[in-house]
Amino acid sequence: MTKIVRNIVAFFNERLQVQPLFDFAKKKKVPEHSYSFWYYFGGICLFLTGIQVATGMMLMLYYTPSIDAAHESIQFIMSHVKFGWLIRSVHSWTANILIGIIFVHMFSTYFLKAYRKPRELTWITGFFLLIFFLAFGFSGYLLPWNELSYFATRVGTDIAGSLPLIGKWLKTVILGGSDVSQATLSRFFWLHVAILPIAALAVIGIHVLLVQILGMSKPIGLDERKVKEISFFPDFIYKDALGWTLILVLVGIICVFLPWEVGTKADPFAATPLGIKPEWYFTFMFTTLKIIPSHVLFIEGEKLAILVFMAGGLFWMLVPFIDRRAAREKKSPLFSWIGIAVGLYIAVMTILTYTVPKL
Amino acid sequence: MKTRMLGFAVAIGLVLVPPASFAQKNSCLECHKTLEGELKAPAESFAQDVHQQFGLSCRDCHGGNPAEDDADRSMGASFKGVPKRARIPEFCARCHADAAYMRTFNPSLRVDQLSQYGTSKHGRRLKAGDTKAAVCVDCHGAHGIQSAKFPKSPTFPWNIPQTCGRCHADPKLMKDYQIPTNQLEEYKGSVHAQALFEKKDLSAPACNDCHGNHGAVPPEVQSIASVCRQCHPSTGELFSKSPHKKAFDEIGRSECEACHGNHKIVRPTNDMLGTGEKSVCLQCHDAASPGYKVAAAMKDLTDGYEARYQKNLNLLAQAEKKGVEVSEPKYRLQEANTVLISARNLTHGLSLNDLKKTLGEGETTLTEVEKEGVAALDEAKFRRTGLIIATFFLALFGVALFLKIRSMRKPDA
Amino acid sequence: MNRRRFINLFFGGSFLATVGAFLFPVIRYLLPPKQAEAAQKKVAAAKVGELAPNSAKIFKFGSAPGILINSSDGKLLAFSAVCTHLTCTVTYQADTSTMYCPCHNGRFDLAGNVISGPPPAPLEVYQVDVAGEDIIVSKKG
Numbered sequence: 001m002t003k004i005v006r007n008i009v010a011f012f013n014e015r016l017q018v019q020p021l022f023d024f025a026k027k028k029k030v031p032e033h034s035y036s037f038w039y040y041f042g043g044i045c046l047f048l049t050g051i052q053v054a055t056g057m058m059l060m061l062y063y064t065p066s067i068d069a070a071h072e073s074i075q076f077i078m079s080h081v082k083f084g085w086l087i088r089s090v091h092s093w094t095a096n097i098l099i100g101i102i103f104v105h106m107f108s109t110y111f112l113k114a115y116r117k118p119r120e121l122t123w124i125t126g127f128f129l130l131i132f133f134l135a136f137g138f139s140g141y142l143l144p145w146n147e148l149s150y151f152a153t154r155v156g157t158d159i160a161g162s163l164p165l166i167g168k169w170l171k172t173v174i175l176g177g178s179d180v181s182q183a184t185l186s187r188f189f190w191l192h193v194a195i196l197p198i199a200a201l202a203v204i205g206i207h208v209l210l211v212q213i214l215g216m217s218k219p220i221g222l223d224e225r226k227v228k229e230i231s232f233f234p235d236f237i238y239k240d241a242l243g244w245t246l247i248l249v250l251v252g253i254i255c256v257f258l259p260w261e262v263g264t265k266a267d268p269f270a271a272t273p274l275g276i277k278p279e280w281y282f283t284f285m286f287t288t289l290k291i292i293p294s295h296v297l298f299i300e301g302e303k304l305a306i307l308v309f310m311a312g313g314l315f316w317m318l319v320p321f322i323d324r325r326a327a328r329e330k331k332s333p334l335f336s337w338i339g340i341a342v343g344l345y346i347a348v349m350t351i352l353t354y355t356v357p358k359l
Numbered sequence: 360m361k362t363r364m365l366g367f368a369v370a371i372g373l374v375l376v377p378p379a380s381f382a383q384k385n386s387c388l389e390c391h392k393t394l395e396g397e398l399k400a401p402a403e404s405f406a407q408d409v410h411q412q413f414g415l416s417c418r419d420c421h422g423g424n425p426a427e428d429d430a431d432r433s434m435g436a437s438f439k440g441v442p443k444r445a446r447i448p449e450f451c452a453r454c455h456a457d458a459a460y461m462r463t464f465n466p467s468l469r470v471d472q473l474s475q476y477g478t479s480k481h482g483r484r485l486k487a488g489d490t491k492a493a494v495c496v497d498c499h500g501a502h503g504i505q506s507a508k509f510p511k512s513p514t515f516p517w518n519i520p521q522t523c524g525r526c527h528a529d530p531k532l533m534k535d536y537q538i539p540t541n542q543l544e545e546y547k548g549s550v551h552a553q554a555l556f557e558k559k560d561l562s563a564p565a566c567n568d569c570h571g572n573h574g575a576v577p578p579e580v581q582s583i584a585s586v587c588r589q590c591h592p593s594t595g596e597l598f599s600k601s602p603h604k605k606a607f608d609e610i611g612r613s614e615c616e617a618c619h620g621n622h623k624i625v626r627p628t629n630d631m632l633g634t635g636e637k638s639v640c641l642q643c644h645d646a647a648s649p650g651y652k653v654a655a656a657m658k659d660l661t662d663g664y665e666a667r668y669q670k671n672l673n674l675l676a677q678a679e680k681k682g683v684e685v686s687e688p689k690y691r692l693q694e695a696n697t698v699l700i701s702a703r704n705l706t707h708g709l710s711l712n713d714l715k716k717t718l719g720e721g722e723t724t725l726t727e728v729e730k731e732g733v734a735a736l737d738e739a740k741f742r743r744t745g746l747i748i749a750t751f752f753l754a755l756f757g758v759a760l761f762l763k764i765r766s767m768r769k770p771d772a
Numbered sequence: 773m774n775r776r777r778f779i780n781l782f783f784g785g786s787f788l789a790t791v792g793a794f795l796f797p798v799i800r801y802l803l804p805p806k807q808a809e810a811a812q813k814k815v816a817a818a819k820v821g822e823l824a825p826n827s828a829k830i831f832k833f834g835s836a837p838g839i840l841i842n843s844s845d846g847k848l849l850a851f852s853a854v855c856t857h858l859t860c861t862v863t864y865q866a867d868t869s870t871m872y873c874p875c876h877n878g879r880f881d882l883a884g885n886v887i888s889g890p891p892p893a894p895l896e897v898y899q900v901d902v903a904g905e906d907i908i909v910s911k912k913g
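So the protein sequences, as listed, match chains A, B and C.
With the working numbering, the residue at position 331 of the first sequence is 331, and numbering never jumps.
With the working numbering, the residue at position 287 of the second sequence is 646, and numbering never jumps.
With the working numbering, the residue at position 140 of the third sequence is 912, and numbering never jumps.
In case anyone wonders, no lab produced these hints; they're calculated from the structure.
Any given hint might turn out to be false.
[Unchecked claim] With a Cα cut of at most 35 Å, we get these calculated DSBU-like pairs of lysine-lysine:
1) B/Lys558 with C/Lys814
2) C/Lys847 with C/Lys829
3) A/Lys277 with B/Lys680
4) B/Lys384 with C/Lys813
5) B/Lys716 with C/Lys813
6) C/Lys814 with A/Lys265
7) C/Lys847 with B/Lys716
8) A/Lys265 with C/Lys912
9) B/Lys689 with A/Lys265
10) B/Lys559 with C/Lys813
11) A/Lys82 with B/Lys547
12) C/Lys829 with B/Lys600
13) A/Lys265 with B/Lys740
14) B/Lys600 with B/Lys534
15) C/Lys832 with B/Lys715
16) B/Lys670 with C/Lys847
17) C/Lys806 with B/Lys689
18) C/Lys813 with A/Lys171
19) C/Lys912 with B/Lys439
20) B/Lys600 with A/Lys265
21) B/Lys392 with B/Lys361
22) C/Lys847 with B/Lys740
23) A/Lys265 with B/Lys680
24) A/Lys277 with B/Lys511
25) B/Lys680 with C/Lys814
26) B/Lys670 with B/Lys605
27) C/Lys814 with B/Lys681
28) A/Lys26 with A/Lys277
29) C/Lys912 with B/Lys730
30) C/Lys819 with B/Lys716
31) C/Lys832 with A/Lys168
32) A/Lys171 with C/Lys911
33) A/Lys82 with B/Lys730
34) C/Lys832 with A/Lys82
35) A/Lys277 with B/Lys681
36) B/Lys670 with C/Lys806
37) B/Lys658 with B/Lys547
38) A/Lys265 with B/Lys508
39) B/Lys740 with C/Lys829
40) C/Lys806 with B/Lys740
From a predicted model like this one, the values you see are computed outputs, not experimental measurements.
All chains should be modelled from the sequences, with the hints used to inform the complete structure.
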């Protein structure tokens, strides 16, 4: 068996000259220490993205991006296509899980200061990936064209529309018009299956390449005696695979017992359902906008909140350059506290959305 | 300087006088608003009154001079004061029965309320000298009168039962008339009340739809059937073609009311058929009569169909709970329910053959739905089995990985 | 067979089994289902000439009934036959050229509008096209 494999590898090696890659892979080492558990989350993001691409491609086989047929095609997939219920439920559930894991990955690298020199670009490409995947979530959510999708999109684009200066123009560009319509559905489909995948693939490529070139970051001031090194291939891969297997089991159980609902077809003339809100990963921003007073000093409350979010996002993206102490391999407790504050804010606002509905 | 300021003030004054004079003085409201209790209430509630919206005011009904502040002068010669109860219908009809006058405000409003009222029980009793009988203000209010199209109006469809019930459900008030006072209570338990109050279906009948508005009388035996036929014509047609029509005419019993009641008309069930204790057929048919056998047969048919329908309902609910998509068969099951409703309607025609035929069409739908329901449950089972198998393989793989990892950890020499 | 070989075999075998457990649903998914397309929004309601003038036919549209009318002046009209009051199925009455719901006396004209009775909203109008011998009914817009 291994002889056949060796012959195939030799065949490609002679023609593609990939031996240096194999040598690199054999030599690549991964540090193991008390915090190395968090290393797995990047790989899990990649694995879940792979699942999304695979299930997404399969859904495209039966989905129709037209307001007359979108909802019906989802209904069809859920009831008539063999295992359609599974493919679709996996896609919807994994989307949510993936975004959750992205947050875990982001916060774990933040607290471990993995963004510090020389890994600034890894952090920035990661930030872009966060934006891409939030966009994936937002655009994908409209595609089933059910009541929840329609109104969540309306609410979301209204918020985009309230941005100062560019708001109205931005909203029109996103919607493809003045309202959520066929143009919006076509546009979101285009984004979701063509533009975002290409962009995300390219940026993931850069991100992963950087991780390979620079190796895994170790926490600042870690006692080198407590660090062991294991080889990436095959030891770390096996450990990765164990995590991925566990996740697959989890996703399988969730999808069989809690298949994703089809919902009622979107009716633009219906009244907005009570308590409409966007998907959970946007709720911290949504709730902030709901509870902020209408005027803070002389600025409109909503506009202030949006500006603060944008400034916050910019800060978050540029943190590798702002955190001078970490860049000098010094412990940086101030930034840890900032991270805790941000994390707590997001968590509290999200929980508030669901526990206090009459905000 | 002073002359200039004076001139300025005069100019301002001249500009303000014309608008000020448009706001007509109404000393009635001004004065009554400062009073208490019963004298204050009309002034307060008049702001909401529909007459006020058409530019009418106190003077147009009560006379008097609203430009005068002095009480005696404002309530002078032309003042009509509070009309006596027995005179109220004529008081309102002074305008509301005048077609030419009403036309200037709302050409579509009827102007025959007074003449209708004269034929009503209320009107006749009032004429006979009974001032306890209902007059216009008892249902419409006196000063905050709103159109019957407004949900807060006491004459809006879903408020009417309460309005009539204010007197008709009061045993003390009704003591002298020897009529029951349980109609409101009975109505509230009816399917019509449920449609009106809970489903907000404004086409559902309230008191006035069967008894009339201004010409309210309890419908006579002959007219009950016509009254019900207003909304239930197909049932009425079936009944008229059935042997029951002649029989009921002969014994002089009201048609629909005999089996369905008049106020507490509840949603009919299969138990009204057949020979059980809730059966209405037994009112006339004894065990020996052919009608008895037909009754029993009809009940068996509808019972059997309903049981099958219920079984399918449960089947689909089960499948849905297990996560299988069953919205299509659920929709088709609704069609089977429509058949049941039309079958129950058909029983009024008393034809077993027609009933069988209609139910037969529904049976086909039920068979299809049952097949899909069973398939859905099978699918649920298939999914769980598949999950167990896949999880088992994954678990095996996980164990294999774990063993591999452990073997890797054993340090090389 | 030593321990190492056993672990490797076990690893390879369970891996293949897992891959199989994943390929099975994927392949079944990709194979076309029996009902080729999602719920038909286009239905061949009748054949040309099947309906005499001033008569109608109830047909299945999606999972609900529709009504196809050949009016007295030869026009083909189609509507949802679900009465907007309490979802009974409407019928066509030739003598009045109106659609009638026998449940509570609702009546609709040939534009779908409510003429009398309790229905709160008009009947949905469908698009009628003739393709060869078939009369095709589809949703408007």
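Checklist entry - Given the hinted pair B/Lys392 and B/Lys361, is their alpha-carbon gap at most 35 Å? => result Judged against 35 Å, a Cα distance of about 41 Å means the pair is violated.
Item to check | 35 Å Cα cutoff - pair C/Lys832, B/Lys715 | outcome: Satisfied, since the Cα-Cα distance of roughly 23 Å is no more than 35 Å.
Checklist entry - Are the Cα atoms of C/Lys912 and B/Lys439 separated by 35 Å or less? => result Since the Cα atoms of C/Lys912 and B/Lys439 sit roughly 63 Å apart, the hinted pair is violated (cutoff 35 Å).
Item to check | Given hint B/Lys681 paired with A/Lys277 - CA-CA distance at most 35 Å | outcome: With a Cα-Cα distance of about 27 Å, the restraint between A/Lys277 and B/Lys681 holds, given a limit of 35 Å.
Item to check | 35 Å limit on alpha-carbon distance, applied to hinted pair C/Lys814 and B/Lys681 | outcome: The hint holds at about 32 Å.
Item to check | Distance restraint between A/Lys265 and B/Lys740, which requires alpha-carbon spacing of 35 Å or less | outcome: holds (28 Å)
Item to check | A/Lys82 paired with B/Lys730 [C-alpha distance capped at 35 Å] | outcome: holds (18 Å)
Checklist entry - Is C/Lys806 within 35 Å of B/Lys689, Cα to Cα? => result Given pair C/Lys806, B/Lys689 holds - Cα atoms ~20 Å apart, limit 35 Å.
Next on the checklist: Given the hinted pair C/Lys847 and C/Lys829, is their Cα-Cα distance within 35 Å?
Outcome noted: Holds, at roughly 14 Å.
Checklist entry - Are the Cα positions of B/Lys740 and C/Lys829 separated by 35 Å at most? => result violated (41 Å)
Item to check | Pair hint A/Lys171 and C/Lys911, alpha-carbon separation not exceeding 35 Å | outcome: Between A/Lys171 and C/Lys911 the Cα gap is close to 30 Å, so the pair holds against 35 Å.
Checklist entry - Is the hinted pair A/Lys265 and C/Lys912 satisfied, with a Cα-Cα distance of at most 35 Å? => result Holds - the C-alpha atoms of C/Lys912 and A/Lys265 are around 16 Å apart, at most 35 Å.
Going down the numbered hints, you'll see the structure goes against 4, 11, 14, 16, 19, 20, 21, 22, 26, 28, 31 and 39, while the others check out.
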